[in-house]
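Enquirer: Residues per chain are reported as follows:
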Amino acid sequence: MIESKEVFEAFQEHRGDAIVSVQGTSGRHWADVTTNQNRDISMGGAMGQSTAAIFGLALGLPNEKVVHFDTEGALLMNLGVLASIAGKKPTNFVHFLLDNECYATTGGQPVPNSEEIDYSVIAAGSGYAATYNFDDLEEFSTSLDEIMNQDGPVFVAIKVPAEVENLPIGMRERRTSRSRGQTISDLRAELDIS
Amino acid sequence: MTWAQTIVDALKEHEISLIAYVPDSSIHQVTKIVDKDEYFHLVSATREEEALGIAAGAYATGRNAAVFMQSSGFGNSINAVAGLAIPSRIPIPIFINLRGEHGEFNIAQVTMGRSTRPILDVLGIPHYTLDSEERLEEKVNGALKLCYASREPLALCMTPLLHGGKNV
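Sequence order for the protein chains is A and B.
Start counting the first sequence at 1; every next residue gets the next number (this note's numbering).
Start counting the second sequence at 1; every next residue gets the next number (this note's numbering).
If you are wondering where the hints come from, they were derived from the structure by calculation, not from laboratory data.
Note that beta-carbon positions come from the ideal geometry of N, C-alpha and C, so glycine has one too.
Don't take each hint at face value.
Here are the simulated lysine-lysine pairs, DSS-like style, with alpha carbons at most 30 Å apart [stated by the list, open to error]:
| # | chain 1 | residue 1 | chain 2 | residue 2 |
| --- | --- | --- | --- | --- |
| 1 | B | K32 | B | K139 |
| 2 | B | K12 | A | K65 |
| 3 | A | K88 | B | K32 |
| 4 | A | K88 | A | K159 |
| 5 | A | K5 | A | K159 |
| 6 | B | K36 | A | K89 |
| 7 | A | K65 | B | K36 |
| 8 | A | K89 | B | K12 |
| 9 | B | K36 | B | K12 |
| 10 | B | K139 | B | K36 |
| 11 | A | K89 | B | K32 |
| 12 | B | K12 | A | K5 |
| 13 | A | K88 | B | K36 |
| 14 | B | K12 | B | K32 |
| 15 | A | K89 | A | K159 |
| 16 | B | K12 | B | K139 |
| 17 | A | K88 | A | K65 |
Which chain B residues face chain A? A few, computed with CB under 10 Å, are given here [claimed, not checked]:
| # | residue |
| --- | --- |
| 18 | L18 |
| 19 | A20 |
| 20 | H41 |
| 21 | A58 |
| 22 | G62 |
| 23 | R89 |
Just so you have them, the derived chain B footprint on chain A, three or more residues with Cβ under 8 Å [to be verified]:
| # | stretch |
| --- | --- |
| 24 | 28 to 37 |
| 25 | 56 to 63 |
| 26 | 84 to 96 |
One chain only, chain B, in its complex shape (with noise of 0.2 Å):
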């Protein structure tokens, strides 16, 4: 099984039907086998801190949803996070794509990439990182469980040792 379908059977085992996300060519393994399964919803949103809002919102109606985005895009919601997700107790699962890891060439991915994870830090959200498929299942059901026992937002940070990362 790839890590992308691991991910996807999770979401399913943990009853998350929504899924807002702005694009990214890693991400694409997931939201494509996402897209053609009727059981979710996936919705494109414009900017990061929008999906954030559109899975605040779906949560609130009883649905499950989790956010996939890349670390510059976590760089422009983090106030998503802390203003409204945190303050609202709302669990929600951020899937970030971390750039600036091994294999990186653009270096505006660089800062924001070695960032996230201090910056989830001192957000105090737990956050876990994905780097092989090794217990993939395992950490990312676990996480999941956490996430909705804590209701409090969790990072998933995928990095191109799980994915294979861009190389252009």
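So that you can see chain A by itself, here it is in the shape it has in the complex (with noise of 0.2 Å):
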């Protein structure tokens, strides 16, 4: 397993000027670590949806190499959109995959056969460019720099350790966050969309 926050800071390192877009509970890591916010978006709340809208973002901007962090709880709700994804083969996305095998958020309930799927076979099973998995630190820094520069889809699926939540919602910390219409409009304001 890789901590989610270490593959944020290695992934960082390679980012670059793409677009940058986090999903549940491990995503939360990315905003100690980006270091351009404007570039970042969230498309997140509606579980399920969120793969789909960042495909959307990446065929609207073609010319931008356009990344999202998924998780496999979202990711299962929704697996049909990897089909779409394959389908239409946007070269400028790049989809990690970082699974902690459970429902973080609600309490740690295992997701369906949480142990044994291999989602980067699926990816690849479903026409994903190119198909990667991780179990290592060093190995997934070093090959950073390949899974940023090549055509995609590319699909990158990661092992990362459960933190679960047990406090009730209400009694969480919430961290002071922009709106999804806030993320959206700076995003149009940074890429001069009108």
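Take the two lone chains, each set in its own frame, and fit them into one complex as the hints suggest.
Expert: Rendered as structure tokens:
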């Protein structure tokens, strides 16, 4: 396994100008690592929708690198999106999957068949241009240059530890964050889209 | 001009260049025109809520996007509208082929077809029914203009009286 925060720290070194979206409990670490918030976009919240939304974003911005850090719980809700993505072959799309094998935000209940699913095989079978599977930080770090510099869609599955929250939702500490609408406006301003 | 061509022309009029859809025999009359026209980017989705997600992402990049689906598929995608499009203020024209209307042969389509417009009402989504070619251009153009002015999703429900439906 690789700590989610370490995944993001390694990725940040190779981000370049990529537009970055994160999802789920693991994705929250990105806020502490990112250095270009105007190119971060939030399509989370509606679980199961964000993969398709970032796919749509990649189609709309064919000249920008678009990176999505998905989670296995969200992806499983709409697994068919892998076929839709592979069918359109967005060469600018890099799809990471941080797999913590559970629904961490609701208390750590396992996703179905949590320990045995190989998501990179599902992505490969769907027709992604390249797929990877990492369990080791060093191996991941040394592969990032290749991952970020090849034609997509690329899929990268990484096992991460679950960061389970057991506090009732109302008692959890909330980070201040931009609303989804605000991240869309900020990105559009950054890209000079009227 | 056919009803489908009228809709395609209205899409262009409003610079809607990305169409995400789940196929249906009536919708095919529109998507087959779209597919041959280089102005459009036609994206096939495996499920209707996915089509809404794709349209939301495209809108974030400054590209207007519409979705096409059956009423049964609208049933699949209610939370994509309620949880993504509405709170993010993303205008998405949703073209719904309203099944369960005149001439319906499939019992599985009846309940969701009948429930679609009441559900749209409860969600607070404006919707208009397209059931003839009379004033069609005016209705579609007016609805699309409203959709972008209000920055909210809007539905256009197409019935068999418009497109002839499906017989088998």
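Enquirer: What are the numbers of the hints the structure violates, in ascending order?
Expert: Hints 12 and 24 contradicted; others consistent.
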